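Participant: Now that you have both chains on their own, put them together as the hints suggest.
Residues per chain, in single letters:
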Amino acid sequence: MICQECHERPAVLHFTKTVNGKMTEVYLCEHCANEKGEHLFSGHPAFSLNNLLGGLFNPDPQFSANPSFHEQEVHCENCHMTFKQFLQSSKFGCAHCYETFESKLTPLLKRLHGGNTIHHGKIPARMGGQLHLQKELQQLREKLQEMVTSEQFEQAANIRDQIRALEKKLLNEGGVQ
Amino acid sequence: MSLERFINQQTSAWMSGTGPDSDVVLSTRIRLARNLENVLFSTILSLEKAKDVVTQVHEAVSDQLALELLKMEDLSPLQKRVLVEKHLISPFLSETSLYGAALISDKEDVSVMVNEEDHLRIQCLASGLQLKETLDKANQIDDVIEEKVQYAFDEKIGYLTACPTNVGTGLRASVMIHLPGLVLTRQMNRIIPAINQLGLVVRGIYGEGSEALGNIFQISNQLTLGKSEEDIINDLDSVVHELMAREQSARDALKQTSPIQLEDRIFRSFGTLSNSRVIETSEAFQCLSDVRLGIDLGYITHISKSILNELMVLTQPGFLQQYAGGPLRAEDRDIRRAALIRERLELDETN
Numbered sequence: 001m002i003c004q005e006c007h008e009r010p011a012v013l014h015f016t017k018t019v020n021g022k023m024t025e026v027y028l029c030e031h032c033a034n035e036k037g038e039h040l041f042s043g044h045p046a047f048s049l050n051n052l053l054g055g056l057f058n059p060d061p062q063f064s065a066n067p068s069f070h071e072q073e074v075h076c077e078n079c080h081m082t083f084k085q086f087l088q089s090s091k092f093g094c095a096h097c098y099e100t101f102e103s104k105l106t107p108l109l110k111r112l113h114g115g116n117t118i119h120h121g122k123i124p125a126r127m128g129g130q131l132h133l134q135k136e137l138q139q140l141r142e143k144l145q146e147m148v149t150s151e152q153f154e155q156a157a158n159i160r161d162q163i164r165a166l167e168k169k170l171l172n173e174g175g176v177q
Numbered sequence: 001m002s003l004e005r006f007i008n009q010q011t012s013a014w015m016s017g018t019g020p021d022s023d024v025v026l027s028t029r030i031r032l033a034r035n036l037e038n039v040l041f042s043t044i045l046s047l048e049k050a051k052d053v054v055t056q057v058h059e060a061v062s063d064q065l066a067l068e069l070l071k072m073e074d075l076s077p078l079q080k081r082v083l084v085e086k087h088l089i090s091p092f093l094s095e096t097s098l099y100g101a102a103l104i105s106d107k108e109d110v111s112v113m114v115n116e117e118d119h120l121r122i123q124c125l126a127s128g129l130q131l132k133e134t135l136d137k138a139n140q141i142d143d144v145i146e147e148k149v150q151y152a153f154d155e156k157i158g159y160l161t162a163c164p165t166n167v168g169t170g171l172r173a174s175v176m177i178h179l180p181g182l183v184l185t186r187q188m189n190r191i192i193p194a195i196n197q198l199g200l201v202v203r204g205i206y207g208e209g210s211e212a213l214g215n216i217f218q219i220s221n222q223l224t225l226g227k228s229e230e231d232i233i234n235d236l237d238s239v240v241h242e243l244m245a246r247e248q249s250a251r252d253a254l255k256q257t258s259p260i261q262l263e264d265r266i267f268r269s270f271g272t273l274s275n276s277r278v279i280e281t282s283e284a285f286q287c288l289s290d291v292r293l294g295i296d297l298g299y300i301t302h303i304s305k306s307i308l309n310e311l312m313v314l315t316q317p318g319f320l321q322q323y324a325g326g327p328l329r330a331e332d333r334d335i336r337r338a339a340l341i342r343e344r345l346e347l348d349e350t351n
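Quick note, the sequences are listed as chains A and B, same order. Per our numbering, residue 1 is the first one in the first sequence, and the count goes up by one each step. Per our numbering, residue 1 is the first one in the second sequence, and the count goes up by one each step.
Simulated from the structure, these hints should not be mistaken for laboratory data. Certain hints may be false.
[As the list claims (entries may be wrong)] In silico DSS-like links for lysine-lysine, alpha-carbon gap of 25 Å or less:
| # | chain 1 | residue 1 | chain 2 | residue 2 |
| --- | --- | --- | --- | --- |
| 1 | A | Lys135 | A | Lys168 |
| 2 | B | Lys156 | A | Lys104 |
| 3 | A | Lys135 | B | Lys132 |
As the structure is a computational prediction, the values presented were derived from the model and not from experiment.
Looking at chain B on its own, in the form it has when it is part of the complex (with noise of 0.2 Å):
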């Protein structure tokens, strides 16, 4: 059953680590918001309209585009849990929609979210730095729908939302970016106010108000209106090239001031992950950041780059569970975890 394989396919394409200048940018992500015409925002919608509208959006994509359509009341809290961990629906839908579904792609890197906080969030992903492709290929998804149901929408201020925040062009682009570099030379406090004062918004991975784990960073635009798609993915494209530039020299400036130092801390992470028994999201996120660092300079070989996207995801507490098949202690998902990330060093040891 293709829910299944949703929840057990260990990785999505988006963090096989291949894509363009994967060194650096992890993954790259474009979402659409749109609504209907003349149907209530799903946020006040009632359960008969909003199941109305799970069936208009599964009927307007189901002729042109192989989506698989998984409903949140079919599924059960571990396995909404897991799709979230994967970037593939968010907390509102899984846990606040009233009526929630999600049209989801083989590759998992199309999801188009039905009454989310809108009726439809267009959300596509990528390998690496891939804004323009990435944009083009929610437009393509958006057109589609577009030719069969009627969009809310004003020539004056574009696309209308339910949150004026994202009213105008409905567009979030977000690039996750790995700054271990920036962050040990102590550069990103100064960093990230620039950043917003571009009218840019710098997160932790998992979204508003998380903390940087692992020296991974979600970097998206604040404004939807007033300026066109290409100029908002553009401008963010400059930003993050920018940063790449000065995560390299500060990479660099590391390995040319204190290569023994980092040497040892590559190594002594890399020791902790495939010796520990025990072992916390933070610390596994730190090691993780540290040995792909080491990956990225050329100290450890052995292993495969894709080693941090996949076990970010593959450590966090919803799949953990998943694994062991059911509801897991904290302290019992830290002995998972720690086993799980030593079976997956071996893995690349013994290849």
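Just chain A, with the same shape it has in the complex (with noise of 0.2 Å):
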């Protein structure tokens, strides 16, 4: 058996990946094992979280099957960082990685954070009236739809006149700028 990351050296580690119930058999020599993080079996003293994310993501049959994607790849602008070097380490070099590697990213995101890839939460200040008056609008909209689903439609009639008020103001704000 030949390692299917080089295709040259004989494959010295095997093991069976279940992510998702998909199961997936991996063959690997030392050095590319090592290269993938896959050295969680050799005891290594800083496994952690972190490590399991390369995992998560190989075998990308897009990565690991087309040649031609190591050639060309893509890395970050700002920082140089390459998507195979985020795998190694889990962390990215600057806030512009998120930029690049958006299209992976995105599957990642969803399995980490329970199928979520939009913020919620806090926004700086300075990012202006506009982006708080929308995620308040999103959430609103939202809000409604639970309540038409569950039926509760004197609440739904409520929140409707809020997202009209909200998008009026909104309009008005825009209309400023």
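Facilitator: The following block contains the structure:
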């Protein structure tokens, strides 16, 4: 058996990975296993949740089966980090990485955060009133949907009025700018 | 000098054991991860830029908040260890960070770590169960800093952090909880998986991978994206309340079904602590847990409740060596630990 990553060295590590009920057979040589952060079996002392992050992603068929992918590997223009480097350390180099790797990141965020990809929390004051209002509007719309689904129409009507008022406010503020 | 005060001051306010629900909940911790806009994350930052970050953050807080700046490079390994044991800095900041620093309050209830995994880790500690109050405090500090610096923030995914496990709110809320009743009645093995399913993590007191010494567990949120800060702490709060109720009924059940065995266990542990000349950390923690349970249940009346909180910090290797004034071998530490515990118990008995 040859390592499925480098296709050169003999595979010395074989294991079955189950992610979301999907089983994957993995054959790796020692070198690639270390590189891919699969050294969790060697009793690495610094093993932590972060080391598992790379595992959550691999083997990504697009990532490992397509040789041209390695050649023209996408990297962050700001800090030069590649996605492979991110998988190894589980840490991005800069804020810009989130934009660069957005398409690959979304499925990862879903797995890490219970299917969530949208922030619903605090917003820095400097982001201005617009974003705060938009957030509020979005939350009200979700609430409206909930009320309609649970057939609480009186409350739903109430929320609908709030949404209208907010939309009007947003439109007016937008007009001023 | 203030550094010496942080090192020598034995107990921090959050160890006092006086907060709400402190018969079960030892302490509450809130941490917010933040990064500056247009600066590489601390993990790959150059030394020069890392120094800039420290200066910038120090300037941002110095007008409004009374926080003392401690730079990791100025501290000895032992001093850093003591700060780690007091939960004022993280092991990562102490050992791995390039140019780490911490801004710490007088009462040791606030610690802003700079150049940890993220540029900023705003941490607030409180005694007992005080999630809302502690979050409010962390938010206030966050707001003060934000007046002077621009944070890396994305409209869609929130505060951007070095590791995507923290993105969104950047919030980690943890509660340290003493559950001897649930451990004695062997319920923890069933409860931990149930808590995990709710998006919360259960760990030993010294973080990831550490065992639950002295029946003390740390429960914190895993998800940081998709829920508001308030929802995150509300969820944690309700799980903690549920655990408190179950712990209480486990204690009641123990007291009803095997009162003499329980009393025996408590006083044997008390005997061990009052008489031993050599004691290891794990045995010390187990006995302290029993004694604390004895105090909570009214079997022991002349010892103050804060003993578990205090001694679990004071009997750590760093603290013991700090008192001894230098490095100690493991067996010497066990001797010092036993002596320290005896002294502490005698102090309460004479009062």
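Participant: Hints first: check each against the structure and report whether it holds.
Facilitator: The hints, checked one at a time:
Using a Cα cut-off of 25 Å, the hinted pair lysine 135 of chain A and lysine 168 of chain A holds, with the two alpha carbons roughly 15 Å apart. For the given pair, lysine 156 of chain B sits about 16 Å from lysine 104 of chain A by alpha-carbon distance, which is consistent with the 25 Å threshold. Between lysine 135 of chain A and lysine 132 of chain B the alpha-carbon distance is near 22 Å, which keeps this suggested pair within the 25 Å criterion.
The structure shown violates none of the earlier numbered hints.
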